[in-house]
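Chemist: As a plain string of letters, each chain reads:
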Amino acid sequence: MAKSVVSYGSYIPFLRIRREEYISALGSCGADIKEKAVMDIDEDTVTMAVEAASDALAGVDPARVGVLALASANFPYGEKFIAGTLVEALGLSGSVLTSHHGGSALAGSEAFLAALGLLDQTDREYALVIVSDAPQASPSSGLDHGFGAAACAFVLARDGSGLEFEGACSRAGEFMGLRYRTAGETGVRDIGVGAYSSMAYNETVSASLSGILEKMGRIPGHYRCLVMPQADVRADTALAKKMGFGEDQTRDGLVYNLVGDAGCCTPFLGLCRALESAGTGEKILVCTYGAGSGSHSMSFCLNGPLPASPRPVGSLLEKKRQIGYIHYLKLKRII
Amino acid sequence: MGAHISIPMYRRTVPQRYRLAGQRCTACGRVNFPPKAVCRYCRTGTGFDSVRLSGRGTVYSYTVIAGGGAPPEFSEEARCKGSYPVVLVELEEGPRIIAQLVDPPEEGITVGMKVEAVFRRIYEEEGVIRYGFKFRPV
Amino acid sequence: MQGVAIIGAGQTRYGDFPDLGVKELFAQAYFEMLRSVDRGLDPGMIQAAYIGCLSAGGGFQLGQLAPLLMGHVGLPGVNAVRVENACASGGYALFNAACAVASGKFDLVLAAGVEKMRDVSSSKGRYWLGVSGDTEYERLAGSTFAGIYALMAARYMHQYGLKREHLSMVAVKNHRHAVNNPKAQFRREITIDQALKGAPVAYPFNVWDCSPTSDGAAAVLLCSAKMAANFTDRPVYLRGFGAASDYLAIHDRDSITGLAATRKAAAEAYRQAGVSPREIDFAEVHDCFTIAEILAYADLGFCEEGRAHHLLEEGVTQLGGRLPVNVSGGLKAKGHPIGATGCGMACEIFRQLRGEASEPSRQVKNARLALSHNVGGSGGTAAVFIYQGGGQ
Chain A
0 MAKSVVSYGS
10 YIPFLRIRRE
20 EYISALGSCG
30 ADIKEKAVMD
40 IDEDTVTMAV
50 EAASDALAGV
60 DPARVGVLAL
70 ASANFPYGEK
80 FIAGTLVEAL
90 GLSGSVLTSH
100 HGGSALAGSE
110 AFLAALGLLD
120 QTDREYALVI
130 VSDAPQASPS
140 SGLDHGFGAA
150 ACAFVLARDG
160 SGLEFEGACS
170 RAGEFMGLRY
180 RTAGETGVRD
190 IGVGAYSSMA
200 YNETVSASLS
210 GILEKMGRIP
220 GHYRCLVMPQ
230 ADVRADTALA
240 KKMGFGEDQT
250 RDGLVYNLVG
260 DAGCCTPFLG
270 LCRALESAGT
280 GEKILVCTYG
290 AGSGSHSMSF
300 CLNGPLPASP
310 RPVGSLLEKK
320 RQIGYIHYLK
330 LKRII
Chain B
0 MGAHISIPMY
10 RRTVPQRYRL
20 AGQRCTACGR
30 VNFPPKAVCR
40 YCRTGTGFDS
50 VRLSGRGTVY
60 SYTVIAGGGA
70 PPEFSEEARC
80 KGSYPVVLVE
90 LEEGPRIIAQ
100 LVDPPEEGIT
110 VGMKVEAVFR
120 RIYEEEGVIR
130 YGFKFRPV
Chain C
0 MQGVAIIGAG
10 QTRYGDFPDL
20 GVKELFAQAY
30 FEMLRSVDRG
40 LDPGMIQAAY
50 IGCLSAGGGF
60 QLGQLAPLLM
70 GHVGLPGVNA
80 VRVENACASG
90 GYALFNAACA
100 VASGKFDLVL
110 AAGVEKMRDV
120 SSSKGRYWLG
130 VSGDTEYERL
140 AGSTFAGIYA
150 LMAARYMHQY
160 GLKREHLSMV
170 AVKNHRHAVN
180 NPKAQFRREI
190 TIDQALKGAP
200 VAYPFNVWDC
210 SPTSDGAAAV
220 LLCSAKMAAN
230 FTDRPVYLRG
240 FGAASDYLAI
250 HDRDSITGLA
260 ATRKAAAEAY
270 RQAGVSPREI
280 DFAEVHDCFT
290 IAEILAYADL
300 GFCEEGRAHH
310 LLEEGVTQLG
320 GRLPVNVSGG
330 LKAKGHPIGA
340 TGCGMACEIF
350 RQLRGEASEP
360 SRQVKNARLA
370 LSHNVGGSGG
380 TAAVFIYQGG
390 GQ
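Residue numbers (numbering that gives the first Met the number 0), protein chains in the order written: chain A, 0 to 334; chain B, 0 to 137; chain C, 0 to 391.
It is worth saying that the hints were derived from the structure and are not from the lab. Glycine is no exception: its CB is placed at the ideal position from the N, C-alpha and C atoms. A hint or two may mislead.
Derived DSBU-like pairs (lysine-lysine); straight-line CA-CA distance at most 30 Å [what the hints assert, rightly or not]:
1. LYS329/A <-> LYS123/C
2. LYS123/C <-> LYS113/B
3. LYS331/A <-> LYS123/C
4. LYS318/A <-> LYS113/B
5. LYS329/A <-> LYS196/C
6. LYS329/A <-> LYS318/A
7. LYS263/C <-> LYS225/C
8. LYS214/A <-> LYS240/A
9. LYS35/B <-> LYS263/C
On the chain B side, residues computed to face chain C include the following (Cβ under 7 Å) [said to hold, decoys possible]:
10. PRO34
11. SER60
12. TYR61
13. THR62
14. ILE64
15. GLY66
16. PRO71
17. PHE73
18. LEU87
19. ARG95
20. ILE96
21. ILE97
22. GLN99
23. VAL110
24. ILE121
Based on the sequences and whatever the hints tell you, model everything.
Modeler: In C-alpha cells:
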C-alpha cells in the first residue's frame, strides 16, 4: 500500500464579510467573491491550525504522529519555532519531526510533500500536515478585497486506506514583482501588471499540470476532480479549460467565492470539499501556485473510504456571522 | 498595565491553557482543574494522574463584560467586539472553569447551554502571544 | 480572653480628594478618632496599629506602609503592620486588632484603613481592580471584578428567580440612605428607573450596581473592656468577631449563590457573641455590587438562601424597617476606599450605637446590637463583627 491521507479536518472562521459591504463602503469590490471568511480578533493562523488539526486527529492517537509539517505564509511570528505551540495544543509527542513552510502560497504543497518524505524518517505511523493561512494586504489596496482565511489538516499514513498519494510534479521559475512582501512588511504588494501576471501564472501552472499528466500517463478525463490554486478563479477556469478539463471537474473543489483567497490553504480546503463528494476509485488532481513563481501538481486516488470530518466544509461554510466594513477594519487593526 | 503574569509563569501553565490538562485524584478519582496540591474534593489526596479534559460542558453562569471596563490587556479585544461574554462552564468531567465565550449565539446566552473549548489568542504582551482556551457554543 | 471595646472612631469623608494623599487621609481619620475619645487619650498609650490597605497609594509604598503612616502622626515607635486582604483589608485590620486586645497582649490598639484610588489613570485603576481575584484564571478569562460578581448574580437569577429590579432596589435604598450622611461620597437619591437604565458594566450589572472607586481613611481605637471606663462611659463592645476564607477562584467553589467565607465568619462571630441573627438591630454589609448585599442577607442568617430579594420587596432592610442594612449608604453610595471600608463600617456603627448619627433623620432608633460584614474580593476572605452599645 502507498502513503495515503487517512483523515482530515478543516476550519473556516465564523466571521464573514460580503462583497456588498465593500461596494457600499468603497464603491467597488476588486475580487470575484460573494463573501469571504475573516479571522476574529483572537484568531490567527496558529489558532486556525489547532482547530483544523483537532478535527483531523479526532480518531487518531496523537502519540502515533511522528511528523508535523506546518504551512503558512502568515505565521503570527516572523521568527519563532511555531510547531511547539501545536505540539502542546494537540498533545503530540515532543519527539515529533517538525518542518515549517512559508514564504509563498506554495507553502501548503511544500509541507505536504515534505511530510511524505519525512514519514520515512520516523517509526511512527502518521504524519500530520497543517495548512493555515490568511493573506494580508493593506485595506487601502485592492489586493485585500479577496483575502480570506482558512485552515485544513491531513493525517498521512505510511500504509492506509484513504486518499492515496500517487505523485507530484513541480515547476519553479523567476517572475519577480508579483504578490511579494519585503522583510518586515505585514501586507503583500503587487506591481499590478496584468499581462505579465497572467503570463507568469499560465506558464508556471500549465507546466506543473502537464508535467503531472505526463508523469502519471493520464489525460484530464481520468480525473474526477481538479482543484485549482484559486488566487484568481477566472485565470484558473480559463487555464483548466485550455488544458482540457471541464467545468464539472473543477466545480467540486471551488471554495474561493465563499471563503476568499486563503493563501496556501485554498487548494487544500478545495481538496477537503471535493473529498466530501468523491467516491472510491476516483482520482483527484490538486494544483498549487505561489507567485514568484512556483507550482505543484499532486495526483491522488481515493482507494478507500475516509472517516467523515467532524465538521465538513459544507457545514463550516454555513456556520457564519456577517460583519460590516467598519468591524472588518477593526479586525485588521486599522481602527 | 498588564496582569503581571510573566512569560515563564504563563509557560508553566501551558498544558492547562493549551489542552486542558487536568489531574485525577488517585485517592477519590475525581478530576481537578486547574491543578491543586491537595485534591479539591476529598481534601486529602495528593497523588494525581494526568488527564486531558474533553473541553465539553455547559454554561453554569455567564456575564457580558462591557468594553470600557475590560482589564487593560483585553482593551484591544474589547474595542473590537464592543463587549464580550465570559462564562463559568461546568465541564463534563466535573470541574468548573471560567473563560471567554466566542461566537455567542444571537438569541443570547443561557444557563445550561452546551459549549466546547476552543484554542484562541488570549492577549499579547511584550510582543508575545498568550494562547489559551475559550469556549464556543456547540 | 479579655473583652474588647471600641472607645473612639473617626473617618474622612469618602470621595475624590486630589489634594490629599494616603498620609493626609490617614491623619484626618486618626485625629477625628482621637477627638471622639470622650475623656481624651494620650496617643503615646497606643501600643499597636493594624492598618488595612490594598494598593498602598497606587503602588508607591507596597512595603512598610504602616510605619510610614504612624510616623506621619507622631507615633513612630508603635508596633505597626499593614494588613492586606483586598476589600476586606480594613476588616482584617480590625479583626487582628481585636484578637491582639482579646489575647491580653495589648490594651490599646489602633485598627485603621486607608486607600487612595483616585490618583491613577483609568487603565491603572482597572489594573488594581483586577489583582485580588484568581489572577491566573479569572483575570485571564478577560473578566473583571464586576464580572465575577455578575456571574454570581446571573446564577442567582437563574436559580432563585431574582429579577434585575431587585438589584436596582439595593442601589436605590443605599443611595437614599447616603443622602444625609456627611461622610458619604454620593449624597443624592436615584430613582428605580435610573438604577435600571445605567450604562452596562457586566451583565446583569450596570454602573448603578457597582460601588465607586474612592479615596478615604477610617480609624478605630480598641481598648480592653476592663480599661474602657478610663476613657468613656459609653464604649461600644465588640462582642463577637469572626473571619474565614474560601477558595479564591469562583470556579473552585461549590456554590456561587452565597459566600462560604461569610457564612463561616458569621457563625464564629454569632457563637462568640452568643446572639442569633434575629437579635441584630441593624447591619453594615459589604455591597461592593448590588448582588453582594443580596447574598449577604442569607449568608448572615437574616433570611433563608434564595429568599433575600423578598426582604427588599418588604422594605425590611431600609431605614425604618425591622433590620436596616447599610444606613450609611453602604459601599454603593457611602463609597468604597478599599482598605478603609471595614473600619469605616465600625465607625458608622460606633456612632449609631451611641446615638450620634450626624443627622437625627438617619439615626437607627433603640439599637443595641449591630453587625458589620466586610468581604475580600469576590469572597476569598470575609470578616464579621457583632457590636453591642450601652444604650443611647
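Chemist: For each hint, tell me whether it holds in the structure or not.
Modeler: Tested hints:
Our distance criterion of 30 Å between C-alpha atoms is met by LYS329/A and LYS123/C, whose separation comes to about 24 Å. Restraint check for LYS123/C and LYS113/B: the C-alpha separation of about 36 Å exceeds 30 Å, so the hint is violated. Restraint check for LYS331/A and LYS123/C: the C-alpha separation of about 27 Å stays at or below 30 Å, so the hint holds. This hinted pair checks out: LYS318/A and LYS113/B have alpha carbons roughly 16 Å apart, not beyond 30 Å.
Restraint check for LYS329/A and LYS196/C: satisfied, since their Cα atoms lie roughly 28 Å apart, inside the 30 Å limit. Distance hint between LYS329/A and LYS318/A is fulfilled; the C-alpha atoms sit about 22 Å from each other, no more than 30 Å. A hinted pair counts as satisfied when its Cα atoms are at most 30 Å apart, and LYS263/C with LYS225/C qualifies at roughly 29 Å. Of the pairs offered as hints, the one joining LYS214/A and LYS240/A holds, with about 20 Å between alpha carbons and a cut-off of 30 Å not exceeded.
Between LYS35/B and LYS263/C, the direct Cα distance comes to roughly 23 Å. Compliance with the 30 Å bound is thereby established for this hinted pair. Because the smallest distance between the Cβ of PRO34/B and any Cβ of chain C comes to about 11 Å, over 7 Å, the interface hint for this residue is violated. The interface hint given for SER60/B holds, since its Cβ lies 4 Å from the closest Cβ of chain C, which is under the 7 Å cut-off. Checking TYR61/B against chain C: minimum C-beta separation of about 6 Å stays under 7 Å; hint holds.
Because the closest C-beta pair between THR62/B and chain C is about 4 Å apart, less than 7 Å, the hint holds. The closest approach between the C-beta of ILE64/B and any C-beta of chain C is roughly 5 Å, which is under the 7 Å cut-off, so the hint is satisfied. Given hint, GLY66/B at the interface with chain C, is violated; its Cβ is 9 Å from that chain's nearest Cβ, farther than 7 Å. The restraint placing PRO71/B at the interface with chain C holds, with a minimum CB-CB distance near 5 Å, inside the 7 Å limit.
For the restraint placing PHE73/B at the interface with chain C, the shortest Cβ-Cβ distance is roughly 5 Å, inside the 7 Å limit, so the hint holds. Interface restraint check for LEU87/B: the shortest CB-CB distance to chain C comes to about 5 Å, inside 7 Å, so the restraint holds. Against a cut-off of 7 Å between C-beta atoms, the interface hint on ARG95/B holds, since the closest Cβ of chain C lies about 4 Å away. With 7 Å as the threshold, the beta carbon of ILE96/B comes within range of chain C, its nearest partner Cβ sitting at about 5 Å, so the hint holds.
Taking 7 Å as the C-beta cut-off, the interface hint given for ILE97/B holds, the closest approach to chain C being about 4 Å. This hint holds: GLN99/B has a C-beta 5 Å from the nearest C-beta of chain C, less than the 7 Å allowed. The beta carbon of VAL110/B comes within 4 Å of a beta carbon in chain C, closer than 7 Å, and the hint placing it at the interface holds. For ILE121/B, the suggested interface contact is upheld, since its CB lies about 6 Å from the closest CB of chain C, less than 7 Å.
Consistency with the previously given hints fails for numbers 2, 10 and 15, ordered from lowest to highest.
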